[in-house]
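Please build the complex by placing chain A on the supplied structure of chain S, with the hints as guidance.
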Amino acid sequence: MESESLDSPPASPIANNGENNLQPFFVLHKALPRKGSRKASETGKTRSKLASLSSPKAAEKSEETKQVGEDDYDEVPLEAFDFVWSKIDRTIKDVLLNINISVFDVIHQWVCESFSTIKSAGTPGGLHSYPPLTDITCKQIFTGLVMTKNVEFVDDLLTFKELAMHLKSHDSHVVTLSSMDFTAKSGIGGCLKSLQRQLIKFTPDTADISILVSWYSEPENKGYPIVVIIDDMERCNGCVLSEFILILREWVIKIPVILIMGVATTIDAPKKLLTSNALQYLSPCKFTLGSPSERMDAIMEALLVKLCTGFDIGHKVAVFLRNYFLRHDGTVTSFIRALKIACSKHFLMEPLSFLCEGFLSEDSHSFWMEMCESLPVEMHKCAFDLPSCKLIDDVSCLSTETLVSGLSAVKSLQKDWSSVVLCLFEAGKFHRIKLFDIFCEALDPNRQSGAVEDRVKASSSGIFLHSEECFGQRKTGFISQAVRRIKDLPPAQLSQLLQIWRKHTEGITEINVKVEELLSMLDFDGESKSNKQDGIGSPRKVTSPGESKSPKKVRTGSPKKAASRSHLNTEKDKEAVNLKAVKLLECMVKDYLKPIESLPFHEIFCFKHVDILQSALIGDPRKMIQVDLLKSHTYLHCSCCNKSGESLLPSMNDTSIIYQLAQEHGDLINLHDWFQSFKAIILPPSNTKKGKRKLQMYPLSKKRKVAVEIESISEASIQARFCKAVTELQITGLLRMPSKRRPDFVQRIAFGF
Amino acid sequence: MDINDLDDDEEFGFSRNYFLAKEMRGSGKKKSAQKLSDIDVVDEQELRVAVSNIETKHEKEIDTLLISYKSLYPKWVFELRCGFGLLMYGFGSKKSLLEDFASTELTDCGVIVINGYLQSVNVKNVVSTLAEILWEQLKTRRRFSAGSTSKVQQPSSSQSMEDLLAFLDGSNAKENDCFVCVVIHNIDGPGLRDCESQQYLARLASCSNVRVVASIDHVNTALLWDKKMVHTQFNWCWYHVPTFAPYKVEGVFFPLILACSGTAQNAKTAAIVLQSLTPNAQSVFKVLAQHQLAHSDEEGMPINNLYATCRERFLVSSQMTLNSHLTEFKDHELIKTRRHSDGQDCVYIPLTSEAITNLLEEIG
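Chains S and A are the protein sequences, given in the same order.
Counting in the UniProt record's numbering, the first sequence runs from 1 upward without gaps.
Counting in the UniProt record's numbering, the second sequence runs from 1 upward without gaps.
One chain only, chain A, in its complex shape:
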């Protein structure tokens, strides 16, 4: 069949691309040994301010795109009522899209929103709140219809997960349109990525009185689910809805790549660490730093040389004292060791020359 033939082709293309990429790395490694630290990174504070001030490109077009998805809303409602779950994917934040859909179209059922992009989400709390909402919903419904008294016990957060799920899965509502809806932003997010949460979400999704609308952003999300979850519990109906809206909230907890691993950060932490050390230790570090500035093309300072210099200047009295200083430096990642071409160990500071100069000024 063509789909599978295509798959084979794709697979072939995929592996070929992969090996091409690997080859490029072999040949390209020498060319691009540029350091991230060569970028003159602005102060982290300033960077964060700048990040929050980024103007969204194509704002108008994004709005148009979101409006165009409104024509799908009736379809989505239909599919939810048919018993499917909705899974939205495509590039761009789908947060406002899902919440807009839920608040305009799902007005006759209770809706809970889970922010899966946060670091931790307690699924048990979600389930117990959901059970309370359903209970209220059923109570109101009964009052409207026959007025029969509820035999079901009111769910409370003290009940076990099993009981709450059993309540949500109850057949107490014969009409299949009495349900509560769970909107899950980033069902593949860090807070929900573990196996246990996914199992609970799957069981929640399979409850007769619960419908799930979820969004994913990670390309490998499908690996979170086994066939039981996919076919019998989540029962997804996939929709490709790229929005190109910025991941404003979703990205809040990610470190900024230039800020965290850049030199600015390292030089600053180095200064803080050094200031807390003894003057002798600081002086040992200075010896190493001056040597590195003077011989920037060398691989580092041989430990014997360092010992000799330090002893001359009365900074250390024995090899042991020097070693204790070096261990301290290593623990704080101020220095690293590597083997010199002639076989002896040498130490070096993993910072650029400018950074070292700045550092010396700061502690000097």
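Chain S with its partners taken away, still in its complex shape:
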């Protein structure tokens, strides 16, 4: 089926389903019985799929596999994507929940207290016909104002969802409403209906609060607070929300509602939005969420540094994402979306990307060995055709072992790299250096001078290079800033930093030992302060500076012993520890911060196609549609129009012609002039007296052909073509049609891209 359809252009639906074209919608087809292989698509079967791929039968097929996309092969990247993305997704959710959990707990506490206050004022769910009037305080609605510190409410949608889950799990009835429920159009009925639907799980025709009362009086519902969460308060209609509050407060004793509203701006937002009548019944309490940049740092740390899924991003992609976050949008949501697109594109484009599963396996070497041995020949070849393979010194032995050891090298170096980035981040924290900045710089394959730079330079195109100058401050980069500033850290902070380093460097024994050593020196310093009067010990350096520069030499003595030998009690010595820490970090950067892009086979795990990501993420219809029209022959590759250079030819697309003609006008285009110049283009000069432009000379045969065609072009068809071209421009929105005031002019909308 596919091969047949590959050769034929898409059938014109205009011919075969003309009737459908005028239906608002129609069913194109229903699901056909599925093919057997897709039925059993569960994750984790990649290995068996691959085994079957490597069988002789499959090997024969593999040629057509590439073109047609055989089912077995199709599933592999998708499964790998699902596998990796589900891990990433879970990590993001965990990180965000961790950031918010303390606030959530406080909110829950407050909900409980508020509920008990309501209970003490009356008996919720009692079967009185109407709540008896008691004192005013019990007719207040407890309202939590959650300050989101973020004008972009998208980021907080998930937070409020999590909050709802959190409260639900702690025995509350939770209703989540949004500004869509509080519109002037649907009025008070809209939000009450949503409330009922979420609580009672059925939609009554009319909104009736008494239904809620009887629902709440049922034994299984009684005794729990009803929390109503409105995630974007500022976007609600003030009148409807006020009315909603007024209704709720009348019933608050029978239906113990507690409001939680997300506030993006300032604490006085409710004052601006609500009527004073409604406002007086609110009993507000303020809560504050983390800021977007805090969230971003936490996500970056967990996702791109700590979590080794076998999906990484290259330097250019990282820089792009950072700038997209900082300047384009500023929401964590859009960052995650961009990352997801990058991830899907990676698994789609890189045939060997499914090998990432080995990153997470305990014994990745044997996992990869098994996988790589069963690889079909084409895929094997694929691996050695990767541009980074040129980095392998010994080109002669391109065996499976080379591949597997290459992959293992990527994994282990990636682990070290992550540890060093985390150490740098901790050091940079004292000076508010963002993790994203350090991350980008650490990924830069040109950061390290020497051989690596030369080898990789060739592959880096110029798109993002000059961005470094204005952002990364080449000479005083974020990394060197972070390193240098350690010198000035007071001992308390230094010791704190070293303790974190100790945790982060657990994977690198040599460094870990040195960190322990520095720590013990500091500890000793602390002790020595108390022992000062005893006059113990003269300072003795544990390691010479030269030694600390080469961390690969494994030390023999235990750190404790070393500590016992060292004493520090003068200012100078304190500085010495700082200097040692600086030296140590410098060593870590030099020896362990190897950018992934400088390693052979990194393409299998690393997504580098920033242009593809950008075009999928941010479409640019305004520019591209104009480019299509102005440069139509670059897409059509026709023989008739591409010789023209700048001038217009009658053979070009009519809409292209009139759009190019429109460029010569101001913001208003005189229709008459426009039509005449269009006519002049499609008719040869001899036939048009009014023709304003001369056409280029044609080859003789073509000229004759054109002349023959001309005779058959009637005035009606010229006008029809003009009309149709104008309509097409109108569809693209590049024109505004004549108004009553200016019946002879159309207006241009776009001026340049």
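Bear in mind the hints are in silico, worked out from the structure with no lab data behind them.
Where a beta carbon is used, it is the ideal one built from N, C-alpha and C, also for glycine.
Misleading hints may appear alongside valid ones.
[Stated by the list, open to error] List time: in silico DSBU-like cross-link candidates among lysine-lysine, alpha-carbon distance up to 30 Å:
| # | chain 1 | residue 1 | chain 2 | residue 2 |
| --- | --- | --- | --- | --- |
| 1 | A | K75 | S | K411 |
| 2 | S | K306 | S | K286 |
| 3 | S | K139 | S | K168 |
| 4 | S | K623 | A | K286 |
| 5 | S | K623 | A | K60 |
| 6 | A | K286 | S | K740 |
| 7 | S | K487 | S | K415 |
[Stated by the list, open to error] Here are some chain S residues pointing at chain A (derived, C-beta under 10 Å):
| # | residue |
| --- | --- |
| 8 | D232 |
| 9 | C389 |
| 10 | L391 |
| 11 | T732 |
| 12 | R741 |
Below, chain A alone, put in the same frame as chain S:
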């Protein structure tokens, strides 16, 4: 960063272009005061026939272009299954491209096509049909697998939008590849351009069992969506796929620019209106028309002159009768008034001389 620097440059270029264009208008206005009515427009009927007979240029190349996009089909399927929506843009009708993609690659899920280029589309009907298709799909699937009985109520068109959306968003299909697909031609079209439709489409797109493939043609489409819709609901993956195919169906409902505002139309409507008026009124109009033909360089006929002439010919007896005639003419846009250079009001017929001559012949 360079993208943003570029943006700044572009912005600068954009504003400069804009002001240049404005300047051109100032200087060019005098030059091109040509009237659309100066074009000798053929009869509207003939024009419509001619429009339907236009031969598509580069038909072969367009076919080649469409075939070249077939290599992207597997990618599109992959991205749909990853949970993205596909948004196609670029010049040319993408109708056949999208339908070809859906009918060759999306065979194992139900597909509904929405023609957004039509004037009105009822999204509720779409959603309920979609829910029915999904229900059938799930039923068949269950029969194949465990044979467990469906606990979910069969969706019907009488259910509310919320319930239908909740059904489509249900987690009843754990495997993420059981979905129904909506192909939306011109999601920015006139029938879907309103805020409510877009909100519903966004909610539809965010349902776990629904995937959306849509096309846009308008350069400012992105303004229809806020960040919530873009980032969390539609979740677009953009593709630039210019086809250069003619907008045949999409353009059907647009008026032809030469036919609707041209003189042909105005003269014809004028004749119809005049024929329905009293003979006296027709004669008043004739007086004005003859004056305008005789003094085509003047700004119009002063109302006093018109009154004097009409009174001489016993067409009107008082200024009031004349005024009532003039009001009638104005209501039907047969005449317009403007102030003469010496300060008095004068009336004129907003048609060319030839058109007026034709008109006089027709009513005479």
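**Asked** Hey, K286 (chain A) versus K740 (chain S), does the alpha-carbon distance stay inside 30 Å?
**Response** Holds, at about 25 Å.
**Prompt:** Under the criterion that the straight-line Cα-Cα distance not exceed 30 Å, is the pair K75 (chain A), K411 (chain S) satisfied?
**Reply:** 28 Å, holds
**Prompt:** If you draw a straight line from the CA of K623 (chain S) to the CA of K286 (chain A), is it 30 Å or shorter?
**Reply:** 53 Å, violated
**Given pair status - K60 (chain A), K623 (chain S), alpha carbons within 30 Å** = 26 Å, holds
**Request:** Would you mind confirming whether the straight-line C-alpha gap from K139 (chain S) to K168 (chain S) stays at or under 30 Å?
**Result:** Status holds; Cα separation ~24 Å.
**Request:** May I ask you to test the interface hint for L391 (chain S) with respect to chain A, counting a Cβ-Cβ separation under 10 Å as satisfied?
**Result:** Hint violated; L391 (chain S) Cβ to chain A Cβ min 27 Å, cut 10 Å.
**Prompt:** Between K306 (chain S) and K286 (chain S), does the CA-CA distance stay at or below 30 Å?
**Reply:** 34 Å, violated
**Asked** When the nearest CB of chain A is found for T732 (chain S), is that gap smaller than 10 Å?
**Response** 5 Å, holds
**Message:** Checking hints one by one. Is C389 (chain S) an interface residue toward chain A, by the C-beta closer than 10 Å rule?
**Reply:** Constraint on C389 (chain S) not satisfied, violated at 25 Å.
**Asked** Does the nearest C-beta of chain A fall within a distance shorter than 10 Å of the C-beta of D232 (chain S)?
**Response** Holds, about 9 Å.
**Interface hint for R741 (chain S), Cβ within 10 Å of any Cβ on chain A** = This interface hint is violated because 12 Å lies over the 10 Å limit.
**Prompt:** Are the Cα positions of K487 (chain S) and K415 (chain S) separated by 30 Å at most?
**Reply:** 27 Å, holds
The structure fails to meet hints 2, 4, 9, 10, 12 from the earlier list, while all remaining hints are met.
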